[in-house]
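Colleague: Make a model of the complete structure from these sequences and hints.
Okay, so the sequence shown: first residue is 113 according to the numbering used here, each after it adds one.
Be aware that one or more of the hints could be misleading.
As the list claims (entries may be wrong) - Computed beta-carbon distance windows for the label pairs:
id, residue 1, residue 2, range
1, Thr287, Pro495, 22 to 32 Å
2, Pro495, Val340, 40 to 50 Å
3, Glu157, Asn276, 37 to 47 Å
No wet-lab data here; the hints were simulated from the structure. These figures come from a predicted structure and were not determined experimentally. Positions of the beta carbon are idealized from the N, C-alpha and C atoms, including for glycine.
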Amino acid sequence: MPRKTILIPLFGWIPKSPGAKLRGLLYRGLFAELGNGCAIREGVEFTAPESIEIGSNVLIESRARLDAAGVDSKITIGKKSYIRQDVHIKCMGDNHQILIGEQVNIDRGVDIRGSRANCRIEIGDRTYIAPYVCIAGPGPIKIGRYCMIASHTGIYANQHRFTNLERPIQEQGVTCKGIVIEDNCWIGSGARILDGVTIGEGSVIGAAAVVTKDIPPYSIAVGVPAKVVSSRKPKELVAAPASQDMHYRDLSYLPASLQAVVAETEEVFKLISADREKGLELLQQHIKASSHTVFGESEDFLLQHFLHNLLHSVCQMLEVETATVLLIRKDEQRLAIQATLGLEEEILEKIRIPLGHGFAGQVAETGEPVVVANLSDIEVVSPVLRTKGLISMLGVPLRIKDQVLGVFHVGTSCHRPFTGDETRLLKFVADYIGWAIDRLQTLKIVAL
Numbered sequence: 113m114p115r116k117t118i119l120i121p122l123f124g125w126i127p128k129s130p131g132a133k134l135r136g137l138l139y140r141g142l143f144a145e146l147g148n149g150c151a152i153r154e155g156v157e158f159t160a161p162e163s164i165e166i167g168s169n170v171l172i173e174s175r176a177r178l179d180a181a182g183v184d185s186k187i188t189i190g191k192k193s194y195i196r197q198d199v200h201i202k203c204m205g206d207n208h209q210i211l212i213g214e215q216v217n218i219d220r221g222v223d224i225r226g227s228r229a230n231c232r233i234e235i236g237d238r239t240y241i242a243p244y245v246c247i248a249g250p251g252p253i254k255i256g257r258y259c260m261i262a263s264h265t266g267i268y269a270n271q272h273r274f275t276n277l278e279r280p281i282q283e284q285g286v287t288c289k290g291i292v293i294e295d296n297c298w299i300g301s302g303a304r305i306l307d308g309v310t311i312g313e314g315s316v317i318g319a320a321a322v323v324t325k326d327i328p329p330y331s332i333a334v335g336v337p338a339k340v341v342s343s344r345k346p347k348e349l350v351a352a353p354a355s356q357d358m359h360y361r362d363l364s365y366l367p368a369s370l371q372a373v374v375a376e377t378e379e380v381f382k383l384i385s386a387d388r389e390k391g392l393e394l395l396q397q398h399i400k401a402s403s404h405t406v407f408g409e410s411e412d413f414l415l416q417h418f419l420h421n422l423l424h425s426v427c428q429m430l431e432v433e434t435a436t437v438l439l440i441r442k443d444e445q446r447l448a449i450q451a452t453l454g455l456e457e458e459i460l461e462k463i464r465i466p467l468g469h470g471f472a473g474q475v476a477e478t479g480e481p482v483v484v485a486n487l488s489d490i491e492v493v494s495p496v497l498r499t500k501g502l503i504s505m506l507g508v509p510l511r512i513k514d515q516v517l518g519v520f521h522v523g524t525s526c527h528r529p530f531t532g533d534e535t536r537l538l539k540f541v542a543d544y545i546g547w548a549i550d551r552l553q554t555l556k557i558v559a560l
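Modeller: Dropping the structure here:
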């Protein structure tokens, strides 16, 4: 029997609280439950509202769609939750349950659905689902409390079988083992969580990682496939290369985007070592045709290309707005930008940072990482940091062996307590930059 679909059009012209209250009174009888203080914006679509329970003080923004059309299916939204624009929540089979806890924030464009009967998807209290996340059955999915799922993440409790070589893959069915993400986990932007995986409590998954196996509690896992590189409990890197021996053969330690940069760089070194003149000519043609690097004062195109790619990857990996490499100008004992994403004005204005002064100057002088929770609390030399609206920053020294060569820092316009694990990962990348510069100097490609 077809289930009715309703669109919220009435009283849509009445703004804010009065319109929301009128819509609440009108539609209360249509739902299995509709709590007090709910606000349902114009253009929201409900299918089978008699199978939808909405707690008190829930806000559902325009163009959201909730479909509980399967037999004995149910959608439950806990109190004080926030469903933003263009969110789609759909039961696609009988006895399908989608249970959303209290104070859950589901951002715009999120798609939550199962494709078979008896699917159950649970999202725990106070969890945040960022824009354009896809959560799909038919296997059961359970996301715990206080989790953060970053944008464009895919959580897929299904996987095509492909063992039979004589049958088309699309006819071999799918697995439905299910996925569990325990409490207080942070899943980075663009990650993929595959069927059969359990991510332990308090774990962090790096941006663009592909999780194919279980992750122990309080782990940090990165790469494709995702591998554990650190534990939040002992605070100790697992199988990380020593900073004095930067050969980086175990690229699985790095997130996927950084793996690509490292692999390309090592291929460049091989090409130049084999035929310096021809290698440099080919690389220069390729880089000038494809690069959008914002150059500093150096004409070393290969170094600039390498840094540009690396900065892009770091911005995506840490979800920051700026990433900058500054090198010490020994004739001035000041720092100047070598490459940047986000602080291009510092290049145009030829800003210099004296050692020991300002944020970057302190990092260079002490040779230790510096985390700034609020930029307004410290002295800054460059006015660009303030005009860009940066609030939180993390900086680490660049070294060649034991010598400080410069500073690598990142920044964001929101309050953010950078963690010890993020600091260690940024130090790891900074050590790689130092190692690569040392190689370029050895090959007489740069002179700093």
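Colleague: Evaluate each hint against the coordinates.
Modeller: Comparing the hints with the structure gives:
no. : hint                         : in the structure
1   : Thr287 to Pro495: 22 to 32 Å : 56 Å, violated
2   : Pro495 to Val340: 40 to 50 Å : 42 Å, holds
3   : Glu157 to Asn276: 37 to 47 Å : 41 Å, holds
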